[in-house]
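Kindly produce the complete structure, drawing on both the sequences and the hints.
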Amino acid sequence: MVLDDPVKREAPVSRTETPWHHDVKKDDLRVIGKPIRKVDARSKVSGLTRFADDLSLPRMLHMKLLRSTMAHAEIVHIDTKKARALPGVKGILTGKDLPIPFGILPVSQDEHALCPDRVRFVGDPVVAIAATEEEIAWDACRLVEVEYRELRTIGGIHEAAANDEPRLHDYGVRGNIHRLENLEFGDLDDGFQRAARVREDTFFFEGNTHMPMEQHATLAHFDKDGKLTVWSSTQTPHYLHKALARTLHPLPAHHIRVIACPNGGGFGGKSDPFNHEIAAAKMAMLTGRPVKIALTREEVFWCHRGRHPVLMRSRIGVSKTGRITALDFESYLDGGAYGSYGTASTFYTGALQTVTYAVENYHFRGVRFFTNKAPCGPKRGHGTPQPRFALEVQLDKVACDLGLDPAQVRLDNLTPRDSLTANFLRIGSMGLGACIEKVTAGSGWKQRRGKLGRQPNGRYRGLGLACSSYLSGAGLPIYWNGMPHSGVQLKLDRSGLVTAFCGSTDIGQGSDSVLGWIIGEVLGIDPLGIKVVTSDTDLTPVDLGSYSSRVTVMTGNAAMQAAERAREIVAKGASEKLGVPAGRLVFADARVFDAEEPGKGMTFQEAVCAAEARFGTIGTVGSYTPPQAAAKFRGGGVGPSPSYSYSAAVVEVEVDAETGIYTVPKVWIAHDIGRALNAAVAMGQIEGSVYMGLGEAMMEEMAYRDRSHKGHRIFVHKIPSLLEYKSPTSLEMPEIVTYVVEDPDRNGPFGAKEVGQGPLLPMMPAVANAVFDAVGVRVDEIPVSFEKVFAALQSKKEGKDARFGPALDASGVPVVDFGESLKIRTPWQGGDGTAWNEPKRDKKAAR
Amino acid sequence: MLRLPTFTYHRPKTAADAVRIASEHGKDAMYVAGGTDLYPNMKRRHQTPAHVISLAAVPGLNTVEVQKDGRTSIGAMVRLATLEHHAHLLEHHPAFAHAVREISTPLLRNMGTIGGNLLLDTRCTYYDQSHEWRESIDFCMKKDGAICWVAPGSPRCWAVQSSDTVPVACAMEAEVELVGVEGARRLQCSALYRDDGIQYLTKKPEELLTRLVLPAPGNWKASYLKLRRRDTFDFPILGVGVCLWFERGVVVKANVRLGGAGSHAIPAVETEKLLLGQELTDEVIAAAGTAAMKPARTMDNTDQDVYWRRKVAPVFVARALAACR
Amino acid sequence: MTEPSKVLATFTVNGEPHEVAFPPHKTLLEVLREEMGLTGTKHGCELGECGACTVQVDGTPILSCLMLAIDAVGRQVRTVEGLADKAELSLLQHAFADLGAAQCGYCTPGILMTADALLRANQDPTREEIKQCLAGNLCRCTGYLKIFEAVELAAARGRGEQREPSKESIYGS
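Residue numbers (my numbering), protein chains in the order written: chain B, 1 to 847; chain C, 1001 to 1325; chain A, 2001 to 2173.
Please keep in mind that the hints were generated in silico from the structure rather than gathered at the bench.
Where a beta carbon is used, it is the ideal one built from N, C-alpha and C, also for glycine.
Everything hinted at is true.
To spell it out: a stretch of chain B is covered by chain A in this simulated footprint if at least three of its residues, at any positions, have a beta carbon under 8 Å from a beta carbon of chain A; those stretches are: (1) 40 to 50; (2) 253 to 264; (3) 506 to 512; (4) 689 to 697.
With beta-carbon atoms standing in for the labels, derived distance ranges: (5) A:A2087 - B:V533: 21 to 31 Å; (6) C:R1248 - B:P665: 40 to 50 Å; (7) C:D1017 - A:E2019: 21 to 31 Å; (8) A:E2019 - C:K1013: 20 to 30 Å; (9) A:A2087 - B:L497: 14 to 24 Å; (10) B:V815 - C:V1269: 44 to 54 Å.
Below, the structure written as structure tokens:
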């Protein structure tokens, strides 16, 4: 039996308290939404922003790392005698000097600053040398002799699945399986039985990297009082602080100060604590001199933590009108050599499918392998672009099978606002429908899709649509604790100066400015007049970092709270002076005045003075903790977020069918941002996401050289350079039509949701779908390279499958025993968020 | 930061002085023009000359002269950016000017010279890597190692000719002027190159390339078509240089050179033969293009898939031929 | 390794002569940043593959990572620190600030120096000319569009037009 009406899936949602600000009318806002300059705009266009490598200190030493030349080997012996003898060399560290392991997640403390006994990829650091000149340190590294005993290399997903030995790590599930997840929501059999059409597809998404323009750099200084200061290009100073405190034991944590410099691009690539940061700190302690390390571009590729290569198999059941009745999704992640954020990455490959479309019954299986590659981690979209690619291409195929409009199929499947998904994610505002309508109207989707065909220049044009969603900050911190995710302190000065202190880190996305805008709006003052002090663990309250698109919502809410508290104090002071009830006072244009008699008031500075005279020195704090997640099953901690952003994109391609070469002349993109705190800056994030998504779609990949030579296996990144790791240039950029969709969310400051990552997600599937529309071939792999389009066209010409992608059988996706699934009843089955077959467990461990 | 190794810097005032210094130091000396090829290589320790001889102060190498016989003589130190905008070249040698414009980026063309581009080191993704990276593959025969990773059984190096101007200059039968210890000599551009990734030049190390001389306009037409992933930055992974001589619409002589497809600009001999005595009809062009698949010795040492590069070579050759219509 | 002997040279940087001592193998990038403290000029690869280190020499934008400092002696070097007129930002800098064309700001100095040279040569560049001009400067944040728009905005203002950013470029369509 085919049901067209989805099961009633509205479930009661416990609402968080509704702050006043999310439904403020746009016209009532004076700062929020306006295209005000960023607080750091002037310094950035003047070359005055000081990035980590721009810093230097007297007597500073330069450090270099000697890195492994082997993909997988035991370290037999390290001889540093010759290096030590080189004039100018001041310090040498090896693994035994830094024996305590670290890692971003408490469950995978599997890295060492310098490998003590084993190297796991070409680029793994082994020795650190500091010298008076960088050249001397480099020369000294060449004098170090390292004897290796080669181990079998695990070169990728299939090899890791087939070879339990040698294990890269002695922890994990088994063999080289790092994580294995198996979650089942609802009744899959029933869902597939009710489907009018079931299709199964396999996809592959090759790894790619962040490629920030700034190469990571760190400066460490250990002063004579025994205090350590580390300046670094990190997105997560708090987590770096924790890693330093751990690895430099017994140095007390409160003797360590981490200052995150403005990041010259991060995109997730500077979110882990890194070897070079810890080694530089230790070297500064060893030598008693400041130590700087600035990585080369090649070393940035070794740091990586980028997009996981992921093989996927997706089985989808749909009704005859295209309603999704069941989704059975498997992902196989190539994690590289270390854990990094990989546990979260694995869950993220299964978490957000339900956030865009109401999947009635959902089964997710995910496995992450350890391999001898540079470690993968969080890149813009963290774990979700790969399954998003698979799902959006599969939906396109479904629509094609059923003769339906792919846009309509999506509109018919939208996850309802204010609902719980099958996997217990709490949806608030939901503007995906509006996004789809914008981009389809703008691109002339209805009239032009499938009809563009051959152009006068002999090439073929086509349109492709895809949608996506992303979280506005992870609901849980990296390490389990009950403390806030973000804190803001405000100091109000009798000069009228407001200083905001916050641990958040500006990586170019404008998080420093977010503080200014929100505080400026609440206090009615010029945001450019606010002093913003950020990302200094000595001075600023903890913010977890610039990752998972969390800053606008979390730091923003903390700033809002601190500013509202400050406003209350100032209002009381002004109220007494003016004889106007505090509740009637308006803060605007740097004045505090009576709403009923605007002439009656005082300047903001006078109001601050009045309040200071009355209450003493003015300082307030604000903090933010995300709402409790609805999911209570193991693994349910990854996916929940205060709110979800939505994006839809239509991409137009032009394909040269003789060669497979194609271009992207135009993109229409709409993003539901909740509310744009600053439209111009939000536009910048959307356009930047389109750019980066196009890079992933068309060309970027972490390719490896795999050669054998005299019984030795060479396995190394093929192209670790800006020239050969291909990224789009000014000439590849298409025309972009951007729509900022505002559907304010009650959990966001002024209703804001994220914008930094979400708009990247639809680009890759939209490109693949557009290629299909243009020339009728499917490339089920990212990147959709010219070669793959050509191969699919050849295959089509020869009457074979008009497709390029991994095989449907075991040669495409390996066979892995996922064990028994955790079974969770969906909200519409009356589920309470727990797994009914889950053994009783410690509540903390659940996280 | 990647840094240069130390060296002694010379800036001779005449070509003869330059040659003298070079011959004095033999293998320890290298010339530098724009530095855009040499300095990256030195930073990656491909070349570590103890003596770097700058040609910046050598007079007469900065000019573009149209000779009385209609030929255009270009000094080796003329910047690529100058050539791409040069009115005479744009009018009379558009294919050459186009090839220059296809080189790398505008910033690099502001620095790089035509002499440097003609002598560009051959490239290979096993070679154009840092010292550390090459250490991880135990190096290769082009520098510090024993084997060619592209073809491990091969006694030779397969690094790729990657200049954009060489295929078209060779096809046009341009000449180059060299100054050596015994004075100046001229030779056909194509005679400057050898089919070897290491010894890719026929000139003696101390011989100084001083000029490129383009032929006078006549009954010929040239074209250059480049395959690469992006429209900037990238080296050619196929660069088709074509020059066809016509009489009454019939091809009487054809030079087709494939750059980026081997260690020198490979003559597509079969293609050339097929064109002789023919008009450039669609059929002739298609057949001539197909014949170029064989000589293209694409190897897995550049960007993009080796088989794809070979398969699309005929399309690019055909399009380059069509551009000569 | 013996420390190579230094040369003492006088540079004109941003219109002012500076006497600096450095070994001859040092690039202009190294000398600007490390000997003169002009860290506004950035580096992303040191191989001429990204454009982050772009400065102007005699008005021409070049890659300072591939030019020996000694070859810049006697020539006019201009860096991002020299773009503003005293405390007043240049029109180009203003336009970049107005449009958020600098996100992380790391490629920005190089892009500003390239675009500044373009605007000196061409007061009314087309979008295509701007794209071509910037085809040697990688940016990883912006997707280049805000940069193109900022160059156009600065050009218009440079021609004396009263121009503000278009509504589409700051609020979307």
